[in-house]
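**Q** Each chain, written out:
4 protein chains.
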Amino acid sequence: MRKVEHIKVYPGMKVNDLIISMGKAGVMQAGKLALAVDILEEAIKDKECKLFFGLAGAMVPGGMKELILDLINNKWIDVMVTTGANLTHDLGESLGYNHYQGNENMDDAELKKEGYNRIYDSLMPNDIYVKLENFIKDNFDELSKTKNIREFLSKLGELAPENTIVNACYKNNIPLFCPALADSGIGLMMWGQIAQGKKTNVNAFDDLKEIIDLAWTSNKSAVFYLNGGVPKNYIQQAMQLSPKNAMYGVQITTDREESGGSSGAKLKEGISWNKMNEKAKFVDVSLDSTVALPLITSALKDRLK
Amino acid sequence: MRKVEHIKVYPGMKVNDLIISMGKAGVMQAGKLALAVDILEEAIKDKECKLFFGLAGAMVPGGMKELILDLINNKWIDVMVTTGANLTHDLGESLGYNHYQGNENMDDAELKKEGYNRIYDSLMPNDIYVKLENFIKDNFDELSKTKNIREFLSKLGELAPENTIVNACYKNNIPLFCPALADSGIGLMMWGQIAQGKKTNVNAFDDLKEIIDLAWTSNKSAVFYLNGGVPKNYIQQAMQLSPKNAMYGVQITTDREESGGSSGAKLKEGISWNKMNEKAKFVDVSLDSTVALPLITSALKDRLK
Amino acid sequence: MRKVEHIKVYPGMKVNDLIISMGKAGVMQAGKLALAVDILEEAIKDKECKLFFGLAGAMVPGGMKELILDLINNKWIDVMVTTGANLTHDLGESLGYNHYQGNENMDDAELKKEGYNRIYDSLMPNDIYVKLENFIKDNFDELSKTKNIREFLSKLGELAPENTIVNACYKNNIPLFCPALADSGIGLMMWGQIAQGKKTNVNAFDDLKEIIDLAWTSNKSAVFYLNGGVPKNYIQQAMQLSPKNAMYGVQITTDREESGGSSGAKLKEGISWNKMNEKAKFVDVSLDSTVALPLITSALKDRLK
Amino acid sequence: MRKVEHIKVYPGMKVNDLIISMGKAGVMQAGKLALAVDILEEAIKDKECKLFFGLAGAMVPGGMKELILDLINNKWIDVMVTTGANLTHDLGESLGYNHYQGNENMDDAELKKEGYNRIYDSLMPNDIYVKLENFIKDNFDELSKTKNIREFLSKLGELAPENTIVNACYKNNIPLFCPALADSGIGLMMWGQIAQGKKTNVNAFDDLKEIIDLAWTSNKSAVFYLNGGVPKNYIQQAMQLSPKNAMYGVQITTDREESGGSSGAKLKEGISWNKMNEKAKFVDVSLDSTVALPLITSALKDRLK
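Chains as they are written, first to last, in the numbering used here: chain F, 149 to 453; chain B, 149 to 453; chain D, 149 to 453; chain R, 149 to 453.
With the rest of the complex left out, here is chain F:
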C-alpha cells in the first residue's frame, strides 16, 4: 500500500506540479482528480485509442470555451458529444455577444426587464437571439439539406465563425454529435424557420449509425464525461454495442449516484452493461467541472507538449 503523502505547495508552484502532489496524496477528490489526469494522459498518448468526449452543463457561460477548444485543437479528443445549449451559447458569443458576471441571488424579474437571462450566476443578454436567428435564417438552406444531426453540425461548423466549438470540430475532422439539438436555442431558431413553412431533412436516428461505427472500429476506446446528461449516455450506449468497450474512463460530475439517474451513475456500473471494460482504468471525480476542467487541461498541456 502507498502512503498518503501530504500535499505541499510553494510560491510559484505550477498547476501540473500541484496535480502531481495531489496524486502522491492519492486520496479523496484531490487524489481522484490527479488520477483523472494520469488516465487522460495515458489515453491521449495511446495511439490505438479513440477518446470519446461527452460535454454537458453550462460550460460556455461558465467560461470554459477556450479549454474545450484546447481539447479539440490539440486533437486530444477524437469524437465529441455535447448539448445544444453549449453550441448555442458558443455560436452566440462568436456573433458578437458576451456572457456577464452576475450572481445567483439577483432579482430575476429585474433581469428580465433589463434583457438578461440568468444561468446560475452567469448572464446572457437576451438579444443574442436576434443575431442567432439571422445566422440560422441566412444559412437555413445549407443546414436544412443535411441528413442527420452530425452532418448538420459539420455544416454549421463550416459556416460558423472561427474559434467556435463547431468550427474547431469541423476543421479538425472531429465528429460532433448532439442528439437533443432540438432542445436548444439552435433548435428554436430552426423552429422559427420551420414555422414559416420551410422544411428540413435532418433525421433523428440517422447518426446513431455513425457513432456506433466509430466505437465499433476503434481498437481501444476512452470516455471522458463532464456533467453527465445525454452526451454521457449517448457515448455509453455506443460503448455498449461495441465489441471493444472502454479501456479508459474519466467522469467529472457532482450529480449523485443515489438518484439512480445516468448522470450520477458511477463508471463502475458500466461494467455490468459492457460499456466499460472490467480491466479498464477509470475514475469518478466528484468535483465542480469549472474547477476540474482548467486544472486537467493545464496539467495536460505540460505533459503533452
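The set of hints was computed from the structure by calculation and includes no laboratory data. As the structure is a prediction and not an experimental result, all values here were calculated from the model. All C-beta atoms in this analysis are idealised placements derived from N, C-alpha and C, irrespective of residue type, glycine included. Heads up, none of these hints are tricks.
Here are the computed lysine-lysine pairs in the DSSO-like style, where the Cα-Cα straight-line distance is at most 30 Å:
#1 Lys303/D <-> Lys295/R
#2 Lys260/B <-> Lys414/D
#3 Lys346/B <-> Lys357/F
#4 Lys261/D <-> Lys368/R
#5 Lys295/F <-> Lys285/B
#6 Lys279/R <-> Lys156/F
#7 Lys357/B <-> Lys303/F
#8 Lys172/D <-> Lys156/B
#9 Lys414/R <-> Lys279/D
#10 Lys156/R <-> Lys198/F
#11 Lys293/D <-> Lys303/R
#12 Lys279/F <-> Lys357/B
#13 Lys261/B <-> Lys151/D
#14 Lys285/R <-> Lys347/D
#15 Lys295/F <-> Lys347/B
#16 Lys198/F <-> Lys261/B
#17 Lys172/B <-> Lys319/D
#18 Lys295/R <-> Lys295/D
#19 Lys198/D <-> Lys346/R
#20 Lys293/F <-> Lys295/B
#21 Lys172/R <-> Lys449/F
#22 Lys449/R <-> Lys453/F
#23 Lys293/D <-> Lys303/D
#24 Lys198/D <-> Lys156/B
Partner residues aside, some chain B positions facing chain D, computed with beta carbon under 8 Å:
#25 Met149
#26 Gln177
#27 Lys213
#28 Ser446
Keeping the supplied structure of chain F fixed, place chains B, D and R upon it in accordance with the hints.
**A** Then chains B, D and R, alone, in the frame of chain F:
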C-alpha cells in the same frame, strides 16, 4: 407570519393527512413537498391550465411506472416529455421482462456474466433487448413512416401493449415528446434496422413546432419536472417562447444549482428567461423522486377523487 | 432475486401501506426508506437490543419536535445523542416562543432589523434569548453543580417544562448526551453567567465513560442516525470500543460520502472500524430528514401499536 | 457588468495565474474560488483583522496536513477551531504512523482483519491507538490539570512532537478550540485513563469565554470555514455575540443548504443572526475541500510572500 406547527403522526394516518401536516409545519423540504402538492392540485383543478410534465431519471427501474400511469390516465397532465430510457424500460417490461432488486455494491463483472445490467440498485435482464429488437423489427414499417418523434411515439403507443406509458399517452390523447429518443434502447433498436439498410423519415426538429404550439395556445400553463434533464429543458424553452409563460411550477430533483446546469437550476431562474411568470406559484423540492412521486400521487388521489 | 413491484397508491392510502409498497419495489431511495422502517421495527421489537439515536440538523425549527418526542415517549430509543441547537430551540419553544415559516431567499438584513434569525426557511425570533437567559440564570446553581454534560442535561430535563426533549428524556430515563453543548445557545447562556464570575463543575470528558458503559453492557446494539454530525460520531466511537458492535443500523442524510467526512460516510465503512457488525442489517437512506422522519415514525406507530 | 472572460491555460502555468484567470471568468464555482482567494488575501493583509479558521472533515487522512500547517505557521490565521478527529489523526501520524491510499469500494470486513480503519478511501492502521494511548497515559497528569479544552490543547501542543497542528498552534500562540474533543480518539484515550479512576479538571463550558473575548476584542473579524460542522458553528456564535461581526467570510463545503443544517447554510444567512456584517465581503464555494485548500494555499503563497 405563520407558525411552524410541529408535524404529528398517529396510527393509521393517511398519506394525504401527513402531507397536510407537513404543510402546517411549512418549512424545510417537508414544507416544500406539501406546497408542491397544493400547487399541483390547484393547477390540475384549474380548467384553463395545461400541465406540462417533464420526466427524467430511471423511474421505471425505480418502481414508478404505475404512478406515471396514474398521472396520465387521470388526465392530470396534458403534455409529457420524457427520456428514451424510461420508454425503453417500460416497453421492455410490457414485453414480459421485469426489473429486479439488487444493490449498488454488487460485483458488476459478475452481473455481466449473469446477464444483468445494473441501474444503481435495480437490475435489468440483458435479454430484454431480444424482444425489444423483435418488436421494433416487426413494427418498423409503420414507425419509420412517422415524420417526427412525437408522431413516432404516438404510433409506438398505438402498437405497444396496454398499460405502457406510450400506450396510455396514445389512448388519452396526451402528446408525448422525447427529443433525445435516439439516446436510448429504442434508438439502438432503430439503429439495428437502419444498419441493415432500412430508412426512416423521422425528423429531428419537426415536433418543436408542436410543443411550442401547445404552449402558445395554452391560456395558462403549469410545469412539473421530475429530475431535470432534457425533458425539463424542452418544456422550459416552449414556455420561453410562449406569450403566456408558466403560472404554476413544481420541480423535484436532488441536482444542485451550484453546477450551473439546467437540471438543478431553481425555477426562479426561469423568471429572467420569461419561462416562469413572476407571479407564478412555484416550488423547488430537493428530494429523491422515488419518495416524492408516490407521496404526491397518493395525496392527489385523495384530493382529486 | 425479487422483482421490482411497481408502487401503487389509492385514495385514503395509509402511510404504512405506502411504505410497505415501497418495500415491494425495493429499489432506489424509496426501497431504502422501506428497509429502514423494517430494520427499526425489528430493532425496537428486539428485547435484547439497545437503540442509540443520534440526532443532528435543525430538526426543531424544521417541525420535527413531536416526532422526536414520539421516539422518546414510546421508549423506542434507549440512548440519545444530539446537538445543542436542537435542545436550545426546543427549550426556547417551551418558554413561549415559536418558529415561523419564511423562505430561504428572504432579505437577511431586513430580517435582522425585524428581529428574526433565519435557519434556511425557518425563522427564530431573536428575543428567544431573553427568556432562555432568565431560565438559565434562575437555574444556574443547580445546573452548575452537575459533573458532566449528561448529568447537566438530566438536571435540565428535571427543571425544564413538560413536553420538551430534555424533559421527556429525563422522565423516561433515557440518557441524553450532547458532547458539543458549549456550541449552542444553551452554551452561550452558560457563558453569560460564567462571564459574571460564576463557576461550573461540568467536565468535558466525564460522560464518555457513561456512553461507553451503555454500549459495553448492551447485549445487542442498534444505531439510528439523522443528519450525521457529532451525534453520529459519538455513538460510532462507543460502538467501536464495545465488544458488541451494532447489529442494526439506519442512517438518514443527504451528506455525501465523497467529502470523506463522518456525516456522509456510509454505514458499511463502520465495519472496518468494528463499529458495525459485518452481519448487521443496515441501510443508508439519502433523503431529506424532514420527510423521512415523519414517514418512518408514522409507519412505526402502525407496526408497534 | 463585467464580461465572462474565458479561462485560458498554457504549459507551465502557475496555480496563482490560473486562479487569477478563474477570477476574470468570475462565474460558477471557479469564479467563487477565485473570489475566495481574493477575500482571504485581503483579510490576511488587513492588519486590524483577526481571522477565525474553522476546520472540519477528514483533512489529515485526506493529505491536507502540510497546508493546515502553512495557514498556522505563516500566521495567516489568528484563531482555530477544529474537530477532535483531525487532531487525533495528526497526533497519530506524528507518533510514527501513516495513512494509506485505499478506495471506497474495499471489503470492510477484510480491512478489519488486516487492521485498517477506512475513512472513505484513506486507510488508518488500527494500531495507531496503541501509541496514542501511551502518549496520553504518559502525559495525563499535565493534561488533566488544564481547566478547559483550549488550555488542554495548548498543553497538548507543548507536549506533542514538532510539526503537528497542536504544536504549531502552541508555538505560534494561536488559540486552538475543539468543543467536541470528547468525540474523538483523543477523547477515547482520555476515557481510557478516566475509566481507571483518574480524574480531569477540564471544563466543558469554560473556554467559551475565551473565544467570545477574542471576537469581542477584535476590531475586524474574518471567518474561513472548511466543511462546516461544530468548528463553523462555534465561530459563528462567537461572531453573533460580538459587537463587531465578520467583515470577511469564506466557506468551502459541498454540504447543502436544503437540509437546513448549519454546515451547508449559506454565509448570507448569518446576516440575520448578526454573525456576518451586511457589508461584509463573503463567498460560499461549493467545492471539495481537498481540491480547494491546495489551490487556495498555493495562490496565497504567491500573493503573500
